[in-house]
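Participant: Sequence:
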Amino acid sequence: MFEFRLSNELKKRRVGLHSKEEIEPHETLLDKLAQKKEEELGISAKKFEVPLLKKVLQLLLVFVFILNSVIFAKTFQFQVIEGKNLSALAEENKFIIYQIQAERGVIYDRNFLQLVFNQPSFDLVCRKIDLPQDEAGREKVLKEVSGIIQTTEDLKKKIEESKEPVVLVSENLDHQTLIILETKISELPGFQIKNNTVRDYLAGPSFSHLIGYKRKTGERTGLEKSYDEILREKPGEILTERDAKGNLISQEIISLPESGKSLVLWFDSELQKKIEEELKKKLKETGAKIGAAVALDPKTGGILALVSLPSFDNNLFSKGMSEEEWDQINKDPLKPLFNRVISGGYPTGSAIKPLIASAALEEEMISPQKKINCQGVIEIPHQYVPEIIYKFHDWKTHGWTDMRKAIGESCNIYFYTIGGGYGDQEGLGPTKIKKYLELFGWGSKTGIDLPQEAEGFLPDPSWKKEELGEIWYDGDTYHLSIGQSYLRVTPLQMAVSFVPIANGGKLLQPQVVKEIREVEEINPKIIREGFIKPEHLEVVRQGMRQAVTSGTATGWLDQLRVPTAAKTGSAQTGKKDPKDKKDYLDNWITVFAPYEDPQIVLTIMIADVKEGQVVTPPVAKAILEWYFAHASER
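Residues in the sequence shown are numbered consecutively from 1, following our numbering.
Don't take each hint at face value.
[Unchecked claim] Simulated DEER-style distance windows between Cβ atoms:
| id | residue 1 | residue 2 | range |
| --- | --- | --- | --- |
| 1 | Glu164 | Thr431 | 40 to 48 Å |
| 2 | Glu438 | Pro165 | 48 to 56 Å |
| 3 | Asp243 | Asn68 | 14 to 22 Å |
| 4 | Lys284 | Glu219 | 28 to 36 Å |
| 5 | Asp580 | Asp332 | 49 to 57 Å |
[What the hints assert, rightly or not] Computed list of lysine to aspartate or glutamate pairs in EDC-like fashion (alpha-carbon distance at most 20 Å, straight line):
| id | residue 1 | residue 2 |
| --- | --- | --- |
| 6 | Lys143 | Asp154 |
| 7 | Lys506 | Asp577 |
| 8 | Lys143 | Glu161 |
| 9 | Lys184 | Glu233 |
| 10 | Lys299 | Glu515 |
| 11 | Lys319 | Glu161 |
| 12 | Lys335 | Glu324 |
If you are wondering where the hints come from, they were derived from the structure by calculation, not from laboratory data. From a predicted model like this one, the values you see are computed outputs, not experimental measurements. Glycine is no exception: its CB is placed at the ideal position from the N, C-alpha and C atoms.
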């Protein structure tokens with residue numbers, strides 16, 4: 001070690017120390033240097049330590065101040081600003097409200113055959129607040145869940161983008177997936193298996209356009225939509241309290257579950273199946289793709305059957321379907337989801353004639369006994385250029401024809417005459433024709449208790465001028481008089497319009513639901529009555545009876561065990577077969593039976609059938625033959 005001869009200096013330095021400890025030589029050397037610095041700065045030599053620079057001290061104080069400010073700000077944020085939120089979060093973790101499942105109301109047909117069931121189902125849901133807070137933990141859980149449910153969907157994106165606190169991850173878990181999840185659910189924080197129910201529909205495709213469906217997403221159609229408030233259940237609630245470790249402390253029932261009300265329909269499921277069977281058979285036979293049929297009780301307006309083809313399986317919507325199944329339905333050009341009975345609009349052809357006859361009698365424009373000579377064609381001069389002659393043809397020569405025969409044989413010349421006028425016979429004209437068609441329910445919704453009903457369409461001169469920029473010609477009135485105009489009518493409107501003819505004058509609102517169980521029976525609703533005199537309706541009835549005994553429906557309906565009355569119709573669609581140039585027609589029949597005391601009004605429409613085929617009468621015969629053979633069972 002180096003030796004320093006600085007004893008006097010050491011003694012001098014020892015004076016300023018509070019300790020008796022010896023000073024090491026290297027400390028003395030440093031002090032010597034410090035002394036020199038002190039003298040430069042003007043600091044007293046009595047001080048042993050060198051003071052900090054003033055600037056350094058200030059920086060230190062600023063640092064301490066900032067640190068304290070940050071601590072204070074964070075404390076204020078957690079305790080004051082976010083105190084309520086954090087407290088609520090802690091409380092939410094402590095108190096959780098669970099729902100107690102209730103049953104949605106079910107649906108029965110008129111014979112109390114259950115058509116809709118509640119089937120147990122299990123869904124996987126994610127409670128976002130319970131997911132791991134760290135990114136790595138969250139990713140691990142999401143990856144494991146994706147593997148179990150075998151999905152390629154981005155679960156992280158789905159969960160984060162959802163605005164709901166609880167997100168539906170996978171519905172209707174299959175048995176194997178459910179078992180795996182039940183064994184691992186405790187290792188998957190944030191995920192829960194939720195007990196649920198799905199709707200199970202009896203004979204899905206047969207009843208789907210009437211019953212509709214209910215999806216877990218909330219989408220509803222058919223009766224499931226129009227009676228949702230009646231069918232809807234009200235879940236109960238139970239409040240649970242748990243400690244920080246998740247142990248149950250207490251439970252309290254907040255509200256009890258309430259099941260939805262059930263419905264009883266006018267609907268006859270066996271009749272529905274028979275109509276569907278016969279309609280499908282005729283579609284296959286004729287090569288047609290589209291058909292619709294509806295049966296009504298003319299005393300109540302109750303819907304006995306409603307068939308729209310093609311159809312779909314509503315169970316696919318309630319229980320879930322694959323992307324391929326959805327594409328098959330959604331991209332089908334025949335639109336199986338479209339309810340043609342209540343929403344499809346079609347030209348009526350001669351099915352309009354009983355309504356035109358009723359209007360002419362009510363306006364006292366012609367007596368039912370007056371005969372018009374039908375020679376198969378009439379010639380009408382252009383109303384502005386008389387030199388131009390238009391010819392309007394009948395489908396055959398009928399000879400002298402009164403109103404009853406005109407209805408029975410579907411004489412076009414007779415209805416051209418009373419609709420548009422000819423010779424000395426005044427015609428109704430477009431305004432009066434529209435007025436009476438509206439009284440019979442055409443051109444407006446019938447009010448059936450099903451969603452998405454269409455109004456149909458009735459043309460008139462003002463519409464043609466505004467929409468097409470053309471005037472209304474006499475020929476337009478003639479075409480309207482036999483149902484070949486711009487008009488469009490739904491099969492339901494057609495059936496409803498024949499109800500007053502069947503029952504003596506009451507236009508009834510069609511009704512699917514007969515009774516809300518344990519609440520009320522739904523009484524028949526009269527839309528209007530007395531707009532056509534009973535004696536005029538009787539003439540029309542007799543004409544429709546002649547259609548069966550000697551007219552357009554003979555050879556089919558006259559063979560039934562009960563007497564019937566009917567009216568057929570065929571409307572041109574504007575389509576032709578490119579090979580033989582034959583027209584494609586929309587074919588109709590409306591029939592009521594028994595003739596003296598009607599119990600059923602049946603309308604059948606088959607679209608786009610090549611002319612020359614007998615279409616609707618044999619279908620009506622097969623249906624009514626079955627219906628009255630099984631009358632004792634109802």
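Participant: Against this structure, judge whether each hint is valid.
Facilitator: Against the structure, the hints come out as follows:
1. Glu164 to Thr431: 40 to 48 Å: Between Glu164 and Thr431, where Cβ atoms are some 56 Å apart, the hint is violated.
2. Glu438 to Pro165: 48 to 56 Å: Given range 48 to 56 Å: holds, Cβ gap about 52 Å.
3. Asp243 to Asn68: 14 to 22 Å: Between Asp243 and Asn68, where Cβ atoms are some 36 Å apart, the hint is violated.
4. Lys284 to Glu219: 28 to 36 Å: Taking Cβ atoms as reference, Lys284 and Glu219 lie about 32 Å apart, which means the hint holds.
5. Asp580 to Asp332: 49 to 57 Å: At roughly 28 Å between Cβ atoms, Asp332 and Asp580 fall outside 49 to 57 Å, so the hint is violated.
6. Lys143 to Asp154: Distance of about 10 Å is within 20 Å: holds.
7. Lys506 to Asp577: Violated. Lys506 to Asp577 sits at ~42 Å, over the 20 Å cutoff.
8. Lys143 to Glu161: Since the Cα atoms of Lys143 and Glu161 sit roughly 17 Å apart, the hinted pair holds (cutoff 20 Å).
9. Lys184 to Glu233: violated (32 Å)
10. Lys299 to Glu515: holds (16 Å)
11. Lys319 to Glu161: Answer violated: Lys319 to Glu161 is near 24 Å, above 20 Å.
12. Lys335 to Glu324: The hint holds at about 16 Å.
Against the hints set out earlier in the document, violations occur for numbers 1, 3, 5, 7, 9, 11.
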